[in-house]
Amino acid sequence: MSDRQTLARYATTMDVEPPLDQHPRVVEWLRIRAPLERQLQPLGEAAIAALALLPGERVLDLGCGIGGTPQAIAEAVGEDGYVLGMDVIQSAIDVARSCADNPPHLDFECGDVETYQFSLGSFDAVFSRFGTMFFSEPVAAFSNVRKAIRAGGRIAFVCWRDLAANELDHLPLRAVSHLLPPELIEETEAAAWFSLSDPCGIRATLTAAGFTNIRVQAHDVMVRAGDLQSTVDVCARVGALGSILRQHPHLRGIATPALMEALRERDGQRGPALCAAIWMVVASVP
Numbered sequence: 010m011s012d013r014q015t016l017a018r019y020a021t022t023m024d025v026e027p028p029l030d031q032h033p034r035v036v037e038w039l040r041i042r043a044p045l046e047r048q049l050q051p052l053g054e055a056a057i058a059a060l061a062l063l064p065g066e067r068v069l070d071l072g073c074g075i076g077g078t079p080q081a082i083a084e085a086v087g088e089d090g091y092v093l094g095m096d097v098i099q100s101a102i103d104v105a106r107s108c109a110d111n112p113p114h115l116d117f118e119c120g121d122v123e124t125y126q127f128s129l130g131s132f133d134a135v136f137s138r139f140g141t142m143f144f145s146e147p148v149a150a151f152s153n154v155r156k157a158i159r160a161g162g163r164i165a166f167v168c169w170r171d172l173a174a175n176e177l178d179h180l181p182l183r184a185v186s187h188l189l190p191p192e193l194i195e196e197t198e199a200a201a202w203f204s205l206s207d208p209c210g211i212r213a214t215l216t217a218a219g220f221t222n223i224r225v226q227a228h229d230v231m232v233r234a235g236d237l238q239s240t241v242d243v244c245a246r247v248g249a250l251g252s253i254l255r256q257h258p259h260l261r262g263i264a265t266p267a268l269m270e271a272l273r274e275r276d277g278q279r280g281p282a283l284c285a286a287i288w289m290v291v292a293s294v295p
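Per the numbering used here: the sequence shown = residues 10 to 295.
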């Protein structure tokens, strides 16, 4: 089964109503699990393909959340390989561990990669789908990750380009901006998930962390979460707008109708399609 098929299979997982004592982001992820994975699936595929994974390799999935990428990577490396999915949120790891599709050579662990004590050279490759933007000390974090990769190993990850380039975030935010306090919009435009939006900054960070052969390529991908209602649900719970509404739930009632109208204009046979603008980054360890 291909990586795409494995991710697609995982994307059919039913959404669930999570316990409210979980981490707020995990609560929202679980409520929209299937449409969110459908939306994110094509954004990680290029990075998985760039790693050119071989049977028997050991791979770290950094910031795995509850997504389907660890399963796809485990499929690629086969039973003789090993995959460790790592996330800083314990409840995300608990959810990931509970997936019935997890093979024996896939493990999960809660940890902060900025400080985690990896065994030197313990992985052949590192992958991340939007798990690298939240480091408080990026050079230190990537240096720690680099130490975990064997000589000749590689890293591939995707991260967001800037808000203006990202219709996936910009359109929902623009649709409701007249209904929200201006300071919330300003805070979101400077949010951590755009911290790696500068390609020169990415190259400088990875160079300082000891990586070589660094490639940073722009990818524009049209993504869909599903039908109109599914897309509204995803945009209102994650991303730039979702972050605002998660922190200020009293605004959800006034924002959602405006979001619905904006997305209705983009609706089609397979639901609304929005452009996601990402950097696909590949580097190696000398």
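These aren't lab readings, by the way, just hints derived from the structure by calculation.
Even glycine gets a Cβ: it sits at the ideal position worked out from N, Cα and C.
Some hints here could point you the wrong way.
What the hints assert, rightly or not - Okay, the calculated beta carbon distance ranges per label pair:
#, residue 1, residue 2, range
1, Glu-118, Leu-237, 16 to 24 Å
2, Ala-61, Gly-277, 30 to 38 Å
3, Asp-207, Leu-237, 30 to 38 Å
4, Glu-88, Glu-270, 20 to 28 Å
5, Pro-295, Gly-65, 28 to 36 Å
6, Gly-87, Ala-227, 27 to 35 Å
7, Lys-156, Glu-274, 17 to 25 Å
8, Pro-51, Gly-210, 18 to 26 Å
9, Glu-274, Ala-61, 24 to 32 Å
10, Arg-255, Asp-89, 35 to 43 Å
What the hints assert, rightly or not - Below are the DMTMM-like pairs computed for lysine to aspartate or glutamate, each with C-alpha atoms no more than 25 Å apart in a straight line:
#, residue 1, residue 2
11, Lys-156, Asp-110
12, Lys-156, Asp-121
13, Lys-156, Glu-146
14, Lys-156, Asp-89
15, Lys-156, Glu-123
16, Lys-156, Glu-195
Hint check:
1. Glu-118 with Leu-237: 16 to 24 Å: Because 38 Å falls outside the window, the suggested range is violated.
2. Ala-61 with Gly-277: 30 to 38 Å: The hint (30 to 38 Å, Cβ to Cβ) holds, given that Ala-61 and Gly-277 are roughly 34 Å apart.
3. Asp-207 with Leu-237: 30 to 38 Å: holds, 34 Å
4. Glu-88 with Glu-270: 20 to 28 Å: For Glu-270 against Glu-88, whose Cβ atoms are near 50 Å apart, the range 20 to 28 Å is violated.
5. Pro-295 with Gly-65: 28 to 36 Å: violated, 22 Å
6. Gly-87 with Ala-227: 27 to 35 Å: Holds - the Cβ-Cβ distance for Gly-87 and Ala-227, about 32 Å, lies within 27 to 35 Å.
7. Lys-156 with Glu-274: 17 to 25 Å: Distance hint for Lys-156, Glu-274 is violated at roughly 49 Å.
8. Pro-51 with Gly-210: 18 to 26 Å: holds, 25 Å
9. Glu-274 with Ala-61: 24 to 32 Å: violated, 40 Å
10. Arg-255 with Asp-89: 35 to 43 Å: holds, 41 Å
11. Lys-156 with Asp-110: Since the Cα atoms of Lys-156 and Asp-110 sit roughly 30 Å apart, the hinted pair is violated (cutoff 25 Å).
12. Lys-156 with Asp-121: It holds: about 15 Å lies between the C-alpha atoms, which stays within 25 Å.
13. Lys-156 with Glu-146: holds, 16 Å
14. Lys-156 with Asp-89: holds, 23 Å
15. Lys-156 with Glu-123: Holds. Lys-156 to Glu-123 sits at ~11 Å (cutoff 25 Å).
16. Lys-156 with Glu-195: violated, 37 Å
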